[in-house]
Structure formats: C-alpha cells, structure tokens
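Trainee: So the protein lines, in turn, are chains A and B.
0 is the number of the first residue of the first sequence in numbering that gives the first Met the number 0; add one for each residue after it.
0 is the number of the first residue of the second sequence in numbering that gives the first Met the number 0; add one for each residue after it.
Since the hints were derived computationally from the structure, they do not count as laboratory data.
Where is the CB? At the ideal position from N, CA and C, for every residue including glycine.
Any given hint might turn out to be false.
[What the hints assert, rightly or not] Label-pair restraints from in silico Cβ distances: (1) A:ASP336 to B:LEU294: 31 to 37 Å; (2) A:GLN284 to B:PRO96: 41 to 47 Å; (3) A:GLN318 to B:THR428: 41 to 47 Å; (4) B:PRO197 to A:GLU500: 33 to 39 Å; (5) B:ASN152 to A:ILE323: 49 to 55 Å; (6) B:ASP227 to A:SER428: 34 to 40 Å.
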Amino acid sequence: MKKTTQTIVWTTLLLCVLLSTKARCQADTIVIGFGGSEGVLVTASSNEAPGDPENTINFAGYLPNENGSSRFLGQATLGYNYNDIISVSQTGQEDWIDSQFNITRPFILIDKVYEYRQTYRDSLNNQTANTNSRMWDYAWWQYLMTSSDDLRQRIAFALSEIIVVSEKSAFGNNALAMSDYYDILLDNSFGNYRDLMQEVTYSPVMGVYLTYLNNPKSDTTKNQFPDENYARELMQLFTIGTTVLNEFGEMVYDTAGLPIPTYDNEDIIEFSKIFTGLTWYDRTQFGRGAYNDTSYIENMVMWENYHEPGVKNLLNGYQVPDRIPIDGNADITDALDNLFNHANLPPFVCKLLIQRLVTSNPEKEYVKRVVDVFKNNGQGVRGDLKAVIKAILLDPIARSCDSGFDTNFGMLREPFVRYVQINKGFNASTSSGNFRNDMDYVYQYVSQKPLASPSVFNFFQQDYQPIGLIEDVDKVAPEFQITDAQSIAGYINGLYRWVIENNPADEYDLFGGEANSGYADEISSLDLTEEVMFTNHDQLHILLDRLNLIVGQGRVSQSSIDIIITALKEFPNSTPEEKLAIVRIGIYLLMTSPEYLINR
Amino acid sequence: MGSKRNISRRRFIGEAGCASMGSMAYLNSVLNLGMINTLAARPHIISNTSDYKAMVCILLAGGADTYNVLVPTESGEYSVYTTTRDALALDKDATNPAQLLPLNYNDNGRTFSVHAGMPQVRDMFDIGDLSFLSNIGTLIEPIANKTEYDSGNKKIPLGLYSHSDQIMQWQTSVPQSRSAVGVGGRMADILHDMNTIPEISMNISLAGKNRFQSGNQYNEYSISRNTDASNIGFKGFPYYLSNAGYINSVKNNAIDSLVSQEYSNIFQNTIGNLTTQTTESIEKIKVGLENVVPLNTSFSATNLSNDLKKIAELISVRSFLGANRQVFFVTYGGWDHHDNVLGSQAAMLPVLNNALSEFNAAMKEIGMHDNVVTFTISDFARTLTSNGNGSDHAWGGNQMIMGGAITGSQIYGNYPSLALTGNDLNLSTRGRILPTTSVDEFYAEIALWFGVSANDLDYILPNICNFYSPTCPASVPVDYMPIGMFS
C-alpha cells in the first residue's frame with residue numbers, strides 16, 4: 000500500500016520538475032535510473048500500475064551526490080563533516096537512516112554526570128557534594144562530540160524544543176535532573192510518542208518545571224483548586240495545540256472566519272484534576288521539597304489521598320470514571336490516551352517536527368503524508384517516531400532539489416545548530432578525545448543552548464512571522480524570533496571567536512581549584528589540515544568549493560563565492576599561520592552569507 | 000532599524016477613522032499595511048518637533064499576580080480579599096515585617112496598600128510620580144459582565160488565559176488576531192520621521208525581538224545592557240597587526256556585499272536585510288554611546304536596573320541619536336507563579352521597585368522627568384484563588400504608570416470586587432476577573448501624548464473606536480494625563 004502511494008507522489012513531483020522552468024537540478028542528486036543531468040528525468044520504469052517500481056522510484060534505488068548528501072545531513076543531524084557526506088553518498092539516505100536506528104546509545108548522560116561528580120567529590124574529599132550545571136553542559140557536549148548516533152541527537156534536540164524544560168528553573172544547577180530529562184528525549188527519539196508523553200509526565204523535572212509535583216486535590220474550604228499549569232501546556236504545546244487543525248496541518252475556521260479552539264478553560268480545569276497527587280519517589284510525606292539531587296531521577300509516585308476524586312470530563316466527550324478506590328495513575332493513562340488519540344495531535348506534532356528539521360512552511364500535502372504515517376506506521380501503530388522520521392526526511396519535498404529553489408522553502412538555521420556545525424564540520428578535536436564545553440559564549444552571543452530557553456514556549460514560537468517579505472506572503476519563520484541586532488552581531492562575533500580565534504568550545508574547571516592539567520587535554524581546536532592545502536590564490540576556488548560542500552550543501556552561489564575569494568586575496572598568504580588564517584576567514588565569511596544561513 | 004522595507008501595499012479604500020469601524024476589511028487593511036498609504040499622505044499634526052518624548056514599556060513576562068501588588072484595605076473589601084485568596088492573602092496588620100504598605104489615598108473610604116516589597120513605589124505614588132491602572136486587560140470590545148461574556152454575543156480575545164496569546168495581545172492590542180505588529184511599532188510607522196537619523200529605529204529594545212516594537216515598516220533595534228561604545232559592532236582583527244585597519248575593512252566590506260545581494264528566497268532576503276540594517280544602525284548608535292557621560296544616580300546590580308540604566312544613558316545622548324521620539328522595551332520575566340507566589344513576589348517585587356525608583360531619579364537628574372513615561376504590562380493577572388501556594392492564569396489586573404507627565408497618586412479604572420460569588424465580573428470558580436478598562440484605552444492616551452493625531456489613533460489601535468471616540472479630543476480615554484498635554 001505504502002509503495003503505491005509513493006509512486007503516485009513521485010509521478011506528480013517529477014511532472015512538476017519537468018514543467019518547471021527553474022529545474023536547475025544541476026548535479027544535486029545523481030539518480031540511478033533517472034539520468035544524472037539537468038532536464039533528463041525518467042518518470043517511472045513503467046506506466047502500468049501493477050509494476051513494482053520501488054528500485055527506480057523510492058530512495059533505496061539511487062544514491063545522492065555529495066551536495067545532496069550534505070543537504071540531507073543538514074536536515075538529519077546537528078552537524079557533520081566531510082567523511083559523513085561521503086558516507087551518505089555511498090550508502091544512500093534510507094540505509095543511513097536505518098543504520099542510525101540500529102546504533103545503541105554509547106552512554107547515558109546521567110552516567111557521565113555521575114563520573115564528573117565522583118571526580119569532584121574525590122577532589123573535595125566530600126562524598127556528599129552535589130552536581131552543578133556545568134556537569135550537564137559538559138556531558139551533553141561530550142555526547143555530541145564522541146557519539147555517532149547523529150540522527151538520534153538531532154531528533155532529541157528537536158523534541159527538547161517541543162516538550163520544553165529549561166535550566167532557567169529550580170533544578171537548573173542540578174546536572175542529574177537536566178541530564179536525566181535529556182536522556183528521556185534521547186531514549187524515546189526512535190520510540191513512540193505516547194511513551195514519550197508517559198515518561199515526561201512522570202518526570203519530576205517536568206513536575207517541578209510545570210508545577211504539578213505536589214499538586215493536591217481541591218479543598219473548597221480554602222478556595223484551593225488543582226494547579227492548571229501542566230494541563231494547559233501539555234495540551235497547548237506538547238500534544239494538540241490551541242486550534243483545530245485538519246490533516247494537512249491547516250487551521251480550520253468557523254462560519255464567522257475565526258479559528259476553532261481545541262479546548263476551553265473548563266477543559267483545562269478538568270485536566271488539572273488529573274495531574275494531582277504526584278510527588279517525589281523518595282519522600283514519606285506529600286508536599287515536601289526535593290530530598291536531594293537524586294530525587295529528580297526517578298519517576299514521581301502517586302499518592303491517592305491527594306488525587307482529585309470523581310469523574311473528569313475530558314475531550315471529545317470522553318469521561319474518566321469515578322474510580323473507587325481512587326486510582327490516579329489510571330486517570331493519567333486515560334488522559335494521556337485521550338490526547339494521544341485526539342485528531343489534532345498528529346498534524347500538530349508532525350508539523351512541529353517538519354519545521355524543526357526541514358522547512359518552516361511545509362506544503363500541506365507533505366504534512367498530510369507525514370500525518371498519515373504518524374497515524375499508522377503501516378503496521379497499525381500510531382505514533383511510531385521511526386516511521387515519522389523516515390517520512391519527514393525521505394519525503395519528495397525534503398529530498399527533491401527542486402524544493403530548494405522554491406522561494407518560500409527552507410528555514411533559518413538555528414544559531415546553536417550553526418555553532419555545532421562549526422565543531423562537527425571542521426573536526427574540533429582534543430588531545431585526549433574527551434571534550435568539555437559549557438557553551439557559555441554561544442549562549443551569550445545568540446541566547447541558545449540545549450534546555451536553556453526562557454520559558455516553556457521555547458526560544459521561538461512555531462507561528463512567528465517577522466515583518467516584511469515573509470509576513471507579506473503569509474509565511475512563518477520561527478527562528479527569526481531570536482534574530483535581532485544583538486544576536487546578528489553576536490553570531491558574527493561568535494564566528495570570529497570560534498573560527499578565526501580557534502576557540503570553538505568553552506572549557507573551565509569542573510570545580511573551583513581544579514588543576515589546569517585536569518582539562519588541558521580537553522581543549523578543543525579545529526582541524527583544518529585538509530582545507531589549508533588550497534590557500535594559494537589559484538586554488539582558492541577549490542577551498543571554497545570544499546567549504547561550500549561541508550557547511551553550505553554546495554548551494555552558496557558563485558557570486559557569493561566570488562565575493563569571498565576576492566576578499567581572501569587581500570590577506571597576506573605566505574606563512575603557514577597566514578595560510579591557516581585564510582581558511583578561517585573563508586569559513587567566517589561563508590557562514591555569514593544568507594545562502595548558508597538558510598537551510599533549504 | 001531604520002531603513003524602510005520594500006513592501007507591496009494593498010491600497011486601503013475609504014476614509015480612516017471610526018466611520019468604517021466594524022468592517023473586517025478595515026481591520027485587515029490595518030493589519031496588512033494598507034493604511035500606510037493613507038497615513039503617509041496625511042501631513043503630520045506635530046507642530047513642534049524639537050520637544051523630546053519617550054515611553055518605556057516594562058513587560059512583566061509570565062503574568063504577574065497583581066492582586067497582591069495593589070490590595071484593597073477598606074475593612075469590607077479587605078475581608079473579601081482574605082476570604083477569597085485565603086493562603087495567598089497578605090496580612091495588612093503584620094508589622095514585623097510588614098506585608099503591605101498603605102498608600103496615601105482615600106476614594107470615598109476605599110483605601111489601598113502596595114506589597115511591602117515596594118516601598119519606593121509607595122513613596123512615588125504618594126508624591127505624585129506614579130499611579131496605578133486597575134483591572135485593565137485585553138479586550139476587543141467592552142464586556143459589561145459575566146452574563147454578556149457567556150452570551151456568545153461579545154467578541155472574546157483569542158486564546159484567552161494562554162501565555163502566548165495574552166502576552167502577544169498586550170503588545171499588539173489586537174486580541175482578535177495573531178498579528179506580528181505591535182502598538183509601539185505602529186507608532187513608529189507614523190512618527191519615525193520625527194527623528195533625524197533614519198538609520199536608528201525609534202524603537203529600542205533591551206529585550207531582543209518583540210511584538211510591541213514591530214511595525215509595518217520599522218523593526219526594533221536591539222541592544223544589550225552590556226553594550227557600550229567599546230564593544231558595539233563586529234569584532235575585528237587586533238590593532239597590533241600592522242594591516243589591521245585594511246583587513247578589517249576588507250572583511251567587513253565582504254560581509255556587506257554578501258548580505259546586500261538580491262535574494263529571491265524570502266528567508267535569505269530577510270536575513271540579508273536584517274543584517275544590513277544592523278550594520279547601518281550600529282554605526283550610528285555607536286556615536287551616541289561614545290558621548291555617554293556616567294550618571295550620578297546609582298542603579299542596583301540587577302538585570303532590570305541595568306536595562307533601565309542603559310535606557311537612561313541613551314535618553315541622555317538623545318541629541319546624538321537624532322531622537323525626538325523613542326520607545327524603549329524591557330522584559331522582566333519569571334512571574335508565572337503557579338507555585339510559591341508569596342515567596343517569589345517577595346523576592347521579585349523589590350527588584351522592580353528599585354529599578355523603577357532608580358530610573359525615576361535618573362530622569363530627574365537629566366531633566367527628562369516630564370518627558371518620559373514608564374509603564375508596566377503583563378500577560379494577565381492570576382486567579383484570585385490558590386492552587387495550594389500558587390495561582391493560575393486569569394485576565395484583568397493592575398499596572399503601574401510613572402513619570403512627570405502623568406497625574407500621579409491615582410488609581411485609574413475600577414478596582415474590582417474580589418468576591419467569588421455575587422460578583423458579575425468574576426468569570427470562574429477560580430476567580431478570574433473580567434477587565435473593565437481595555438489595553439486600548441490605556442495606549443490611546445499615551446499615543447495622543449506622544450503626538451499621534453486623533454485621526455490616526457485607529458491605525459495604532461484598530462479597536463479603539465469600540466471604547467472611545469478619538470475624533471473628540473476634548474475627552475481622553477482614561478484621563479491619566481492632564482488634559483492639554485497633547486492638544
């Protein structure tokens with residue numbers, strides 16, 4: 000069934016390509032069976048419906064060229080280097096995804112934090128010392144720089160911007176809490192969305208962040224009612240959104256032309272009753288604070304005496320029964336099921352994921368195709384994220400080079416992702432192979448690093464419209480919400496620090512007084528040995544082609560490349576240091592160009 | 000950022016003003032740039048452009064529980080307050096330490112106190128530098144009571160009680176639309192030309208991108224509290240390189256060339272334009288920053304105080320910035336107190352208190368006290384009832400206005416009854432109060448003071464005609480400024 004659908008999609012798309020006057024597909028994809036040259040395209044091996052055109056039509060049957068691989072990796076990872084590009088060119092995109100699905104996690108973040116903590120405790124000779132926020136940052140960065148599960152990390156980062164908690168909170172200095180939450184995201188990136196909802200709901204990190212840990216039942220004698228915070232944001236941000244969507248992810252309007260609310264405040268009050276009675280696993284009384292650092296790393300437990308009794312009227316007429324005896328966990332299961340099975344959840348979540356990975360304004364049919372897979376992965380399973388990830392990344396819209404020439408296609412690369420790209424793309428390395436980075440400067444410059452948004456509304460909102468051309472054509476551009484004079488200059492100054500000054504990471508003591516030797520072998524440096532070979536004036540175009548491939552998908556135009564080469568020729572170019580500086584300035588300029596900054 | 004955008008404008012047909020209100024086409028045209036043509040064709044009504052006026056908007060992000068900022072203390076009202084708020088109620092009789100500070104105010108027996116974390120706010124209120132606006136909130140049209148609210152015949156703001164919508168609507172004043180364009184931005188559309196250096200935006204943000212300052216034609220310029228003449232702009236190659244000057248110009252020229260190319264992709268085009276505007280603005284603002292003379296007024300070591308200090312410095316060099324009108328925007332976040340509202344407010348209100356009084360003193364120091372109006376906004380007020388030790392999202396609340404141009408020592412609007420029952424403004428068992436003064440009415444008055452003509456008021460505030468007749472300048476919307484300030 001699935002294959003038939005894909006065939007139809009492809010036939011339609013290829014027709015578009017053939018008819019398009021700007022089908023400058025150049026050598027963006029080398030398509031076996033398609034022909035590799037501009038204008039030479041094969042629609043299908045047969046016009047007969049019963050044929051199985053899989054090897055011609057779907058992505059198992061051809062290999063992308065290097066630019067195509069770079070473009071794919073720009074959507075599927077947080078950062079990648081030349082070797083990764085070559086690897087995808089040789090294995091193909093779908094096989095690469097499958098192999099990524101099979102990589103088991105090399106370590107869990109919290110174990111790394113325990114390791115740091117032990118070093119810290121031993122050095123202080125204090126076996127009860129607590130963690131600090133830097134240990135979380137270091138663990139995250141160590142995982143990034145040393146693990147090969149790039150796809151999992153990309154998805155987890157996307158989820159961290161959808162189901163948001165932040166270090167700007169009570170647990171911000173508790174590295175165990177931060178890393179345990181991120182481990183939930185990494186663990187479920189290739190799992191099922193329903194399981195993710197379950198784990199997040201019982202996480203004390205979320206319980207504290209959205210204030211339903213220690214949320215008691217009503218006490219009308221004190222005009223006291225359940226906390227509405229999680230009930231509201233779970234619906235608004237994590238599952239169904241505020242307005243009714245169709246399966247294309249489009250808002251549905253009523254007869255007066257107004258969007259239709261998905262729920263009202265009475266619904267929130269009903270859901271708020273569900274999330275009562277949860278508290279720390281390690282407390283013998285309800286309503287107490289965290290017992291210690293490790294209170295955050297086990298699921299919250301239900302105290303039935305504090306759970307709101309009675310029926311709860313949820314969405315679509317579903318009623319949680321008046322359970323006797325009270326069973327708060329069963330209520331939670333019912334409520335999460337109610338949301339998971341809500342018709343709005345697949346379009347709401349799928350559109351968010353497409354926006355994080357591929358494009359800010361996905362075409363409605365693209366959303367629909369991903370939504371269909373979310374609803375049913377082909378084996379009757381709803382919410383299978385592996386299938387959803389494949390549907391997003393292998394969709395014709397994501398893969399066709401023609402999409403990239405659509406003037407409304409693409410997205411502003413998130414500033415933090417650009418930063419990772421420097422470190423991954425230009426092989427930041429340390430003498431020990433261990434990394435530490437508290438990401439201090441990138442946060443100062445562009446206000447972004449993992450789990451550090453100002454609120455549960457993420458760094459930016461999915462429907463943000465900057466004024467000007469984007470608003471004029473009624474499109475959205477979420478990442479522009481953190482793009483202002485401060486962050487524009489900040490990013491360019493960050494490039495100067497990270498690339499030109501070769502300070503790609505921020506290493507500090509793990510604790511006050513740690514000897515420099517404690518991290519001297521963990522200081523990152525970019526490795527530009529391949530690039531520095533092409534700094535003679537007559538070879539600068541080779542240098543720029545390579546840089547363009549690694550960070551720009553080969554899509555930075557010749558006129559921009561010419562501007563950069565012309566500038567580079569003005570710099571001194573005799574000593575090894577000067578030659579290295581040429582490469583650095585080349586990267587710096589390339590990464591300020593609008594054609595790099597927009598991922599399309 | 001100064002330069003005008005290239006925009007395709009749909010022409011607005013018909014006369015601006017209240018006559019055409021109520022038509023959806025009218026609203027759309029305001030929201031979608033159409034009216035700009037009409038405005039541009041109109042001669043500005045400002046007769047004297049040598050005066051200077053600024054407004055400072057402080058966003059208390061998260062929805063501050065302002066029924067514990069301004070508390071009724073007349074015995075009957077106070078008793079209702081303590082019954083409704085129960086665990087969240089502040090004790091007016093506590094002395095060691097005090098929980099509430101009485102204001103020098105008595106309106107036919109109605110008396111009020113401010114939170115004890117705000118002694119300078121109390122002092123500024125008492126000496127006439129500050130007033131409150133009570134039960135103000137986002138509205139499309141007046142709603143008299145719960146019956147009207149429930150009737151289905153009144154327009155209700157989109158996403159009522161949600162952060163993302165209410166925080167947006169306080170900035171846009173258009174609660175029926177999820178618009179990117181805000182009140183300060185629309186003022187800039189009209190008044191930007193009063194300033195003499197077009198590259199510097201009328202709207203300067205200490206809080207990055209925000210809707211309040213986004214206009215149809217102009218963006219905010221964003222600056223940090225740490226920005227000064229020494230660090231503004233792009234880092235360059237170090238001075239000790241003999242060719243530093245030359246290679247820096249090569250580098251910066253290359254950036255300029257890259258970002259100013261024509262791009263057909265809308266995102267490339269936008270990031271290119273924004274970068275160009277940033278570069279142009281930085282050059283001009285740097286000149287102002289170079290002329291900053293340190294103020295005598297000392298500011299606390301908090302982000303909010305330092306934000307307001309930076310604003311005070313920018314106002315002090317207004318002539319170098321070519322500024323006759325400026326709108327500043329600051330955010331002080333963390334007010335979403337679903338938990339521990341009492342403890343959190345006790346920690347946060349003093350920060351606000353100190354920053355406000357320091358800024359007020361700085362404006363007096365530089366002789367700008369009568370020229371600058373400062374006000375607070377917030378997503379919404381919170382439920383009167385508790386959820387244990389916090390409160391949840393609600394609607395109408397209390398805000399502050401400060402400065403020499405306003406009439407101080409007043410509580411404008413109508414402080415509502417806080418009773419849960421028998422109160423036709425209470426919409427919920429949780430105690431969510433229907434606002435009786437609209438955000439529009441508040442902004443209208445400050446816009447008129449700022450120099451927006453009565454005829455242009457409905458461009459700034461598309462719903463204003465539902466609340467107030469702007470073509471009748473003898474009346475003012477809330478009357479918190481002395482009549483004559485703007486006429």
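Trainee: Each of the hints needs a verdict: does it hold here or not?
Mentor: Now for the hints, and whether the structure bears them out:
no., hint, in the structure
1, A:ASP336 to B:LEU294: 31 to 37 Å, "60 Å, violated"
2, A:GLN284 to B:PRO96: 41 to 47 Å, "29 Å, violated"
3, A:GLN318 to B:THR428: 41 to 47 Å, "20 Å, violated"
4, B:PRO197 to A:GLU500: 33 to 39 Å, "35 Å, holds"
5, B:ASN152 to A:ILE323: 49 to 55 Å, "43 Å, violated"
6, B:ASP227 to A:SER428: 34 to 40 Å, "36 Å, holds"
Of the numbered hints given earlier, the model fails hints 1, 2, 3 and 5; all others are met.
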